[in-house]
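Protein chains in written order, with the numbering used here: chain S, 693 to 968; chain X, 693 to 968; chain Y, 693 to 968; chain G, 693 to 968.
Honestly, the hints are just simulated from the structure, not real lab data. Take these hints with a grain of salt, some might be off.
When chains are identical, the list treats them as one kind, so a pair holds in a single copy or across two.
[Claimed, not checked] Here are the computed lysine to aspartate or glutamate pairs in the DMTMM-like style, where the Cα-Cα straight-line distance is at most 20 Å: (1) K710 <-> D860; (2) K710 <-> D937; (3) K710 <-> D790; (4) K841 <-> D893; (5) K710 <-> E955; (6) K710 <-> D946; (7) K841 <-> E803; (8) K841 <-> D741; (9) K710 <-> D726; (10) K760 <-> D860; (11) K760 <-> E793; (12) K760 <-> E961; (13) K841 <-> D859; (14) K710 <-> D859; (15) K760 <-> D749; (16) K710 <-> E730; (17) K841 <-> D899; (18) K760 <-> D893; (19) K760 <-> D726; (20) K760 <-> E823; (21) K760 <-> D946; (22) K710 <-> E944; (23) K841 <-> D946; (24) K841 <-> D714; (25) K841 <-> E955; (26) K760 <-> E776; (27) K841 <-> E923.
So the chains spell out like this:
There are 4 protein chains.
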Amino acid sequence: MIELGEHRYGKSTIRLVKIVRDGRAHAVRDLTIDVTLEGAFGRAYTDGDNSAVVATDTMKNTIYAFAKDRLTGSVEDFAIVLGEHLCGLPSVERAIIDLREHHWTRLRPGENAFRRDASMLRTATVATGAEGSVVRAGVADLVLMKSAKSSFSGFPRDRYTTLRETDDRIMATRLAGDWRYRDARIDHQATFSAVVETLLDAFAEHDSRSVQETIWIVGRAILERHEEVDEIHLSLPNLHHWLVDLTPFGLENDGEIFVATNEPFGSIEATVRRGS
Amino acid sequence: MIELGEHRYGKSTIRLVKIVRDGRAHAVRDLTIDVTLEGAFGRAYTDGDNSAVVATDTMKNTIYAFAKDRLTGSVEDFAIVLGEHLCGLPSVERAIIDLREHHWTRLRPGENAFRRDASMLRTATVATGAEGSVVRAGVADLVLMKSAKSSFSGFPRDRYTTLRETDDRIMATRLAGDWRYRDARIDHQATFSAVVETLLDAFAEHDSRSVQETIWIVGRAILERHEEVDEIHLSLPNLHHWLVDLTPFGLENDGEIFVATNEPFGSIEATVRRGS
Amino acid sequence: MIELGEHRYGKSTIRLVKIVRDGRAHAVRDLTIDVTLEGAFGRAYTDGDNSAVVATDTMKNTIYAFAKDRLTGSVEDFAIVLGEHLCGLPSVERAIIDLREHHWTRLRPGENAFRRDASMLRTATVATGAEGSVVRAGVADLVLMKSAKSSFSGFPRDRYTTLRETDDRIMATRLAGDWRYRDARIDHQATFSAVVETLLDAFAEHDSRSVQETIWIVGRAILERHEEVDEIHLSLPNLHHWLVDLTPFGLENDGEIFVATNEPFGSIEATVRRGS
Amino acid sequence: MIELGEHRYGKSTIRLVKIVRDGRAHAVRDLTIDVTLEGAFGRAYTDGDNSAVVATDTMKNTIYAFAKDRLTGSVEDFAIVLGEHLCGLPSVERAIIDLREHHWTRLRPGENAFRRDASMLRTATVATGAEGSVVRAGVADLVLMKSAKSSFSGFPRDRYTTLRETDDRIMATRLAGDWRYRDARIDHQATFSAVVETLLDAFAEHDSRSVQETIWIVGRAILERHEEVDEIHLSLPNLHHWLVDLTPFGLENDGEIFVATNEPFGSIEATVRRGS
Numbered sequence: 693m694i695e696l697g698e699h700r701y702g703k704s705t706i707r708l709v710k711i712v713r714d715g716r717a718h719a720v721r722d723l724t725i726d727v728t729l730e731g732a733f734g735r736a737y738t739d740g741d742n743s744a745v746v747a748t749d750t751m752k753n754t755i756y757a758f759a760k761d762r763l764t765g766s767v768e769d770f771a772i773v774l775g776e777h778l779c780g781l782p783s784v785e786r787a788i789i790d791l792r793e794h795h796w797t798r799l800r801p802g803e804n805a806f807r808r809d810a811s812m813l814r815t816a817t818v819a820t821g822a823e824g825s826v827v828r829a830g831v832a833d834l835v836l837m838k839s840a841k842s843s844f845s846g847f848p849r850d851r852y853t854t855l856r857e858t859d860d861r862i863m864a865t866r867l868a869g870d871w872r873y874r875d876a877r878i879d880h881q882a883t884f885s886a887v888v889e890t891l892l893d894a895f896a897e898h899d900s901r902s903v904q905e906t907i908w909i910v911g912r913a914i915l916e917r918h919e920e921v922d923e924i925h926l927s928l929p930n931l932h933h934w935l936v937d938l939t940p941f942g943l944e945n946d947g948e949i950f951v952a953t954n955e956p957f958g959s960i961e962a963t964v965r966r967g968s
Numbered sequence: 693m694i695e696l697g698e699h700r701y702g703k704s705t706i707r708l709v710k711i712v713r714d715g716r717a718h719a720v721r722d723l724t725i726d727v728t729l730e731g732a733f734g735r736a737y738t739d740g741d742n743s744a745v746v747a748t749d750t751m752k753n754t755i756y757a758f759a760k761d762r763l764t765g766s767v768e769d770f771a772i773v774l775g776e777h778l779c780g781l782p783s784v785e786r787a788i789i790d791l792r793e794h795h796w797t798r799l800r801p802g803e804n805a806f807r808r809d810a811s812m813l814r815t816a817t818v819a820t821g822a823e824g825s826v827v828r829a830g831v832a833d834l835v836l837m838k839s840a841k842s843s844f845s846g847f848p849r850d851r852y853t854t855l856r857e858t859d860d861r862i863m864a865t866r867l868a869g870d871w872r873y874r875d876a877r878i879d880h881q882a883t884f885s886a887v888v889e890t891l892l893d894a895f896a897e898h899d900s901r902s903v904q905e906t907i908w909i910v911g912r913a914i915l916e917r918h919e920e921v922d923e924i925h926l927s928l929p930n931l932h933h934w935l936v937d938l939t940p941f942g943l944e945n946d947g948e949i950f951v952a953t954n955e956p957f958g959s960i961e962a963t964v965r966r967g968s
Numbered sequence: 693m694i695e696l697g698e699h700r701y702g703k704s705t706i707r708l709v710k711i712v713r714d715g716r717a718h719a720v721r722d723l724t725i726d727v728t729l730e731g732a733f734g735r736a737y738t739d740g741d742n743s744a745v746v747a748t749d750t751m752k753n754t755i756y757a758f759a760k761d762r763l764t765g766s767v768e769d770f771a772i773v774l775g776e777h778l779c780g781l782p783s784v785e786r787a788i789i790d791l792r793e794h795h796w797t798r799l800r801p802g803e804n805a806f807r808r809d810a811s812m813l814r815t816a817t818v819a820t821g822a823e824g825s826v827v828r829a830g831v832a833d834l835v836l837m838k839s840a841k842s843s844f845s846g847f848p849r850d851r852y853t854t855l856r857e858t859d860d861r862i863m864a865t866r867l868a869g870d871w872r873y874r875d876a877r878i879d880h881q882a883t884f885s886a887v888v889e890t891l892l893d894a895f896a897e898h899d900s901r902s903v904q905e906t907i908w909i910v911g912r913a914i915l916e917r918h919e920e921v922d923e924i925h926l927s928l929p930n931l932h933h934w935l936v937d938l939t940p941f942g943l944e945n946d947g948e949i950f951v952a953t954n955e956p957f958g959s960i961e962a963t964v965r966r967g968s
Numbered sequence: 693m694i695e696l697g698e699h700r701y702g703k704s705t706i707r708l709v710k711i712v713r714d715g716r717a718h719a720v721r722d723l724t725i726d727v728t729l730e731g732a733f734g735r736a737y738t739d740g741d742n743s744a745v746v747a748t749d750t751m752k753n754t755i756y757a758f759a760k761d762r763l764t765g766s767v768e769d770f771a772i773v774l775g776e777h778l779c780g781l782p783s784v785e786r787a788i789i790d791l792r793e794h795h796w797t798r799l800r801p802g803e804n805a806f807r808r809d810a811s812m813l814r815t816a817t818v819a820t821g822a823e824g825s826v827v828r829a830g831v832a833d834l835v836l837m838k839s840a841k842s843s844f845s846g847f848p849r850d851r852y853t854t855l856r857e858t859d860d861r862i863m864a865t866r867l868a869g870d871w872r873y874r875d876a877r878i879d880h881q882a883t884f885s886a887v888v889e890t891l892l893d894a895f896a897e898h899d900s901r902s903v904q905e906t907i908w909i910v911g912r913a914i915l916e917r918h919e920e921v922d923e924i925h926l927s928l929p930n931l932h933h934w935l936v937d938l939t940p941f942g943l944e945n946d947g948e949i950f951v952a953t954n955e956p957f958g959s960i961e962a963t964v965r966r967g968s
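Hey, can you work out the whole structure from these sequences and the hints?
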C-alpha cells in the first residue's frame, strides 16, 4: 500500500514594492513573500484532480491586490489579513505567510529618493488556521561581532582535538532569530523595534563563554523584558576568524590580524521559551 | 520560568577532497559535510559549562582523519561510521551527518585529470542514535524539464484568478528529493543508482496534470520498484516559463518562445510512503 | 608563430580583519583584497621557469604582515604602501590592489560589539608602477531608488518597440562607481566621504529623463564640487519595477503597486571626465 | 570643462528558451543574452534627449522575435544576425551580443523530457560594427582538476614566503576561456566542439610546472590544431586544495586528504595568439 504523506504547496519569492503616496512625501515598502497552503489537496496528487488546487498564480495576484489597500501598517498585520483570506478558501486548512521586509531610508529630506539598508532583514511568519493566527516576527542577515568578552574553554579533549582553549576570541555571526508572540494582535511595529533593541543590547553587553551561552543570554533577555514573546529561536552560525601566524615575518600578533572565513562554520541553534 | 527548549549544534560546510590512489589511476571523492549533534548540552547554554561540548573543530578533524581509511565506498556507509563514532562520545544522543557528493569524471583514459559534473548533487542524511542509524539518500540540483505531456487545468477560479487553463505547457524544476531506506545496511552504490534511474524514467515518461501529480507518480514508481525504500520526500519548485506574446511583431508563438524565470516560483513538496 | 600576449596573475579574495586596539575601545577593519601583478613573467608560461614568479601565497602573507603596522588609515593609503612594496620586487612592473572595505558600526557605547553595515561597499583600486600610484576610490552595492522625478520618453519606436512612454516611473539601481584622483596623496578619508555625500545629494535632488542623464548629472556634480577628482565611471543597472495591472480585480493602480525584478535589467555605464 | 567619456548601454540577462518542434521530437535551446550598444548616444546623457536611445525593452523584444525564425543553428550565427540588425539602427555604431548557452540533454529516447547539464557553459561574444562581425566563442564554469602531473617550484623566496615547493600537487580550476575566430562565417557547431576537445585533451595530458604553463600549453595546442582561431584568452583561477595535517591523529597523509577552498584563490590569465 503506497500513500500520500505530508504535502504542501504555494508560491515563493513574490517581490512586492509599494510606493505609499502620502501627499508629496512617499514611503517605500519592499517585501519578498512566500505563501504556503496546507489542506485537502490529496486528490491533486493521486488523481490529477485540480478542482481544489488554488493556482499559485492566484496567490500571487491576491497579494498584489491586497497590497493596494491593506498593506498599511506592519508586515505582521498584512500577513494576518492574507492568511485569513486564504484560509477562507475551500480546501485550505492552513495558510503560512513567510515574508522578508527590506528597509529603505530616505536619502535627503524633502526628496523621494531612498537607499536600501541591507544590514538586516525583518522577517515574519504567520500561520493561520481554524484556531486563528500564530505570529512569529524575526530578523535575518544580522551580521554581528564581539571583539571582546568572548572566550571558549573547558571543552572535552579526545584524540581528534587540536583546538586551543582561549579566553579572548572574536565571535562573529550572521544572526537569524524569530520569536512567537502570545497574541497575534499587538502593536507589531513598536514591539518588533523593542525586541530588536533588547537583542542588540544583550549581544553587546554580555560576557560569552560559548555561542551556546550567547544564545541563552540573548534569548532570556528578550523573554524577560518582553512579555508578549513566549518563545524565541536563535541561530548563530560561528563565522570563524583565525589569528594569522605572523612569527615567520618577525611580528607578534596579539589579537590584531585575522583571516575571516565563511566555511566551514559552526552552526548553533536553540529555542528559549517560557516553561510551565 | 524561562527554559531552554530544543537545541543542536555542529559544523557546517566541511569541504573534503580525497584522492584515491589505486596504483597509477586516481579517483576523486569530493564531499561537503555538515555534522549536527543533539544531546545533553543544556548546561553549555544555561551555565557556560563547556565540559560536554565537543568542539566543532574536533568534529572537523574527526572527519578528515576518518576519511583517510574509512571513506572507501558509498557516502552513506561513511556517514554511518562517522555517526556511530560521534554518537559514542559522552553527552551525544544523536549525530546527524548531512552530506553532498560532487561527482568528477575522468577526462581522458589513462590520465589523472577530471571534470566536475555539476548536473546533480548526490545527498545523504544519516541520523545515528541509540537505536542505530537511519539513512536517507537523495539528489539535489537536478534541473529537469518536460516540454510535452504537461498540462494544468480544472483549478478553481475566484476573483483573483487570471491564469488560463492549458493542456500543453513547459514543466521545469530543480528537483530535490530524498528517500529513507528500511535498512541502513544495503548496497548503497547500486541502490542509489537504481533509484535515480527510476526517478528519471518516471519523470520522462508520465503524463502530468500538475506538479503535484508528477510528485505522486515519481514517488510511487520509486516505492513500487525499490522495496528498500519506505518513504520519499520530493520537492519540485515550478520554474515558470512564460510564453512570449509575439503578436505585436506579426508572429505566432505556438509553444516555441519562452521567458525562463526564477522568481516567483511555485513550491510543491510532498512525501510518498508505504502505508500500514 | 604562436606567442604570449597580455598576461597577469595574482591572489583574489584575501579576507583580512584587523582589530585595532586603542586602549579599551576597539575598532574593526574588514577588507577583501585582490592583488594583481604585471611584469616580466613570460618565461613562466612558455618555459615553465618560475624564477620570477612571486608566489600568490607570498602576496597573501605580505598583506597580513603589512596590515599589522601599516593599516592605520585609509584603504587607499594602505593599498599604496602595498603597491609600492610589490612593485619593488624583481620582474614586477605594475601592481594593482583592488579592495573592498566592509563597514562595521559599534552597537553600544562602551562595548566592543559591532554590526556589519551592508548598505554599501567602499572600494579602492590602486595601480602602482614606475611612474607612481594611480588611485581610484569608489562605492559598490549601493542600492538606490527614486520614486519621483524620473521619466523616460521620446525614444525612437520601431516594429519591435512596445514600451510606453512615461513621465513618472520608479528608478532603482545598484550603483557602482569609481573615480580617479589627480593626486594619489590626499586626505582619502575626508575626500571619500565628501564625494559620497555629493553623489547622494545629486542622486536625490535631480530630475531624470533617463538613467543616462542621471549618470551625467551625478558625475558632473562630483567633478564640479571635487577638484581632486578628474574622472568618474558610473554603472547604474536599471532594476525594473513593473506596475501591476490590478484592473482584473477592480482596482486602480496609480503608481502604487510594483513587481520588483532582477532580470533582465538595463545596463548603463559611462565615464564623465575633465576635458582638455 | 567637463565632458562625457566612454559610454555604453544595453539589456542584460535576457532569458530565452526555445522549444524546437521538429515533428514529435523537441529540442531545447536555452540562452542568457546581454546586449550592449555603442554609438552616438551622448545627448541622452548631456541633454536628456532620448531621440536616439533604442529602449532596452526594444532590444529584449527584438531578441524574442528573432528567436522565432532565426535561432536555427549555432549561437554564434544567431548573435551575428542580431548584431547586424541592431547595428543597422540609427545612431548605433557597434552592437555587442554576449551570450551563454545552457545545455539540455534528452532524458530518455522518445520522450520530450530533458535534464540540464551544468558542467559547462558555452559562451559567445559577437561585436558587430561597420567593419562586420568579430566572433569570440568560449566556455565558462568548466571545473577541472589534475591530481597528477602538476608541480610548483623554483619560485623566488623573500621574507614573506612560506609556501613549500612541491613536485606533486592538485591543480583545480574553474576555467573560462574565449577565442577569436579569424572569420565570422565558419561552421560554428563543429569548430566549437573540436576546440573544446583539444582544450580537454591538452589539459588532461600535459605536465604542468605552474598554472601559467598550463595556460600556455592549452592555448598553444588550440592555436596549433585550429587554424580558424587566431587568439585565445584563458582564465584559470587556482582553487587551492590544502593537504590536511593528520600527524596529530597518528596518520600519514601522502597526497590523499585535502581541504578544498574557495577563497582566497590564485587568479591567472593570459592571451595566447598568432604573432606576426
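Quick rundown of the hints versus the structure:
Taking identical chains as interchangeable, the C-alpha atoms of K710 and D860 lie at most 20 Å apart only when they sit on different chains, with a minimum of 15 Å there against 46 Å within one chain. In this assembly of identical chains, the alpha carbons of K710 and D937 lie at most 20 Å apart only when taken from different copies (13 Å versus 51 Å within one copy). Proximity of K710 and D790 under a CA criterion of 20 Å is satisfied intra-copy only: 18 Å inside one chain copy versus 34 Å between copies. In this homomeric assembly, K841 and D893 come within 20 Å of each other (Cα to Cα) only inside a single copy, at 14 Å, whereas the closest approach across copies is 40 Å.
For the homomeric pair K710 and E955, the shortest alpha-carbon distance between copies (18 Å) is at most 20 Å, but the shortest distance inside one copy (37 Å) is not. In this assembly of identical chains, the alpha carbons of K710 and D946 lie at most 20 Å apart only when taken from different copies (11 Å versus 50 Å within one copy). Taking the shortest Cα distances, K841 and E803 sit within 20 Å of each other only across copies (9 Å), while inside one copy they are farther apart (43 Å). In this homomeric assembly, K841 and D741 come within 20 Å of each other (Cα to Cα) only across copies, at 16 Å, whereas the closest approach inside a single copy is 60 Å.
Taking identical chains as interchangeable, the C-alpha atoms of K710 and D726 lie at most 20 Å apart only when both belong to the same chain, with a minimum of 17 Å there against 29 Å between chains. Within a single copy, K760 and D860 get their C-alpha atoms only as close as 52 Å, which misses the 20 Å cut-off; across copies the closest is 19 Å, which meets it. In this homomeric assembly, K760 and E793 come within 20 Å of each other (Cα to Cα) only inside a single copy, at 17 Å, whereas the closest approach across copies is 40 Å. Taking the closest pair of Cα atoms, K760 and E961 never come within 20 Å of each other, the shortest separation being 38 Å inside a single copy and 30 Å across copies.
Taking identical chains as interchangeable, the C-alpha atoms of K841 and D859 lie at most 20 Å apart only when both belong to the same chain, with a minimum of 8 Å there against 45 Å between chains. Only between protomers do K710 and D859 lie at most 20 Å apart by alpha-carbon distance; the minimum there is 18 Å, versus 49 Å within a single protomer. In this assembly of identical chains, K760 and D749 lie within 20 Å of each other by CA distance solely inside one copy; the values are 17 Å within and 27 Å between copies. With identical chains, the CA atoms of K710 and E730 are never at most 20 Å apart, being 28 Å at best within one copy and 35 Å at best between copies.
Proximity of K841 and D899 under a CA criterion of 20 Å is satisfied intra-copy only: 5 Å inside one chain copy versus 50 Å between copies. For the homomeric pair K760 and D893, neither the shortest alpha-carbon distance inside one copy (37 Å) nor that between copies (31 Å) is at most 20 Å. For the homomeric pair K760 and D726, the shortest alpha-carbon distance inside one copy (18 Å) is at most 20 Å, but the shortest distance between copies (34 Å) is not. With identical chains, the CA atoms of K760 and E823 are never at most 20 Å apart, being 27 Å at best within one copy and 53 Å at best between copies.
Taking the shortest alpha-carbon separations for K760 and D946, only the inter-copy value of 10 Å comes in at or below 20 Å, while the best intra-copy value is 57 Å. For a Cα distance limit of 20 Å, the shortest separation of K710 from E944 across copies, 13 Å, qualifies, whereas the shortest one inside one copy, 54 Å, does not. For the identical chains of this complex, K841 and D946 are intra-copy neighbours only, at 16 Å inside a copy versus 41 Å across copies, given an alpha-carbon limit of 20 Å. Taking the shortest alpha-carbon separations for K841 and D714, only the inter-copy value of 16 Å comes in at or below 20 Å, while the best intra-copy value is 46 Å.
Neither within a single protomer nor between protomers do K841 and E955 lie at most 20 Å apart by alpha-carbon distance, with minima of 24 Å and 29 Å respectively. Taking CA atoms no more than 20 Å apart as the test, K760 paired with E776 passes inside one copy only; the shortest distance there is 17 Å, against 45 Å between copies. For the homomeric pair K841 and E923, neither the shortest alpha-carbon distance inside one copy (26 Å) nor that between copies (46 Å) is at most 20 Å.
Checked against the numbered hints listed earlier, the structure breaks hints 12, 16, 18, 20, 25 and 27; every other hint is satisfied.
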